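Based on the provided sequences and hints, a complete structural model is requested.
Going by the working numbering, the sequence shown opens with residue 1, and the numbers climb by one from there.
Certain hints may be false.
[Claimed, not checked] Quick list of in silico lysine-lysine cross-link-like pairs, BS3-like style, CA-CA up to 30 Å: (1) K69 <-> K5; (2) K18 <-> K38; (3) K18 <-> K69; (4) K38 <-> K66; (5) K5 <-> K38.
Hints are computed from structural coordinates only; laboratory data are not their basis. This one's a predicted model, so the numbers in the text were calculated from it and none came from an experiment.
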Amino acid sequence: MHELKFLPDEFTQGSVLKGCARLRSLHVGHQVHAYVMKCGFEFNLVVGSSLAHMYMKSESLEEGEKFIKSMPIRNIVAWEKLKMGILRECWINII
1 MHELKFLPDE
11 FTQGSVLKGC
21 ARLRSLHVGH
31 QVHAYVMKCG
41 FEFNLVVGSS
51 LAHMYMKSES
61 LEEGEKFIKS
71 MPIRNIVAWE
81 KLKMGILREC
91 WINII
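In structure tokens form, the structure reads like this:
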């Protein structure tokens, strides 16, 4: 994409982060997060919610919570991701 001068927008980056979440690939997720920061989309609501989702699905609750709390504007999706991550960790600890 870069060679053809097509730069990913916030929706493309959100989709890539959803893929990282599905694969539970925290390492790749960190790389995408760095790229998102470089592009200036880190606090976009779509990308921010996708980052929160990626951290929660990758079982990185502390990083996800830290990121969500750093967002200047939080939507219900980001809070729900945090809530689901906490509930999932509690459930795993019970079992």
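Contradicted hints - numbers only
1
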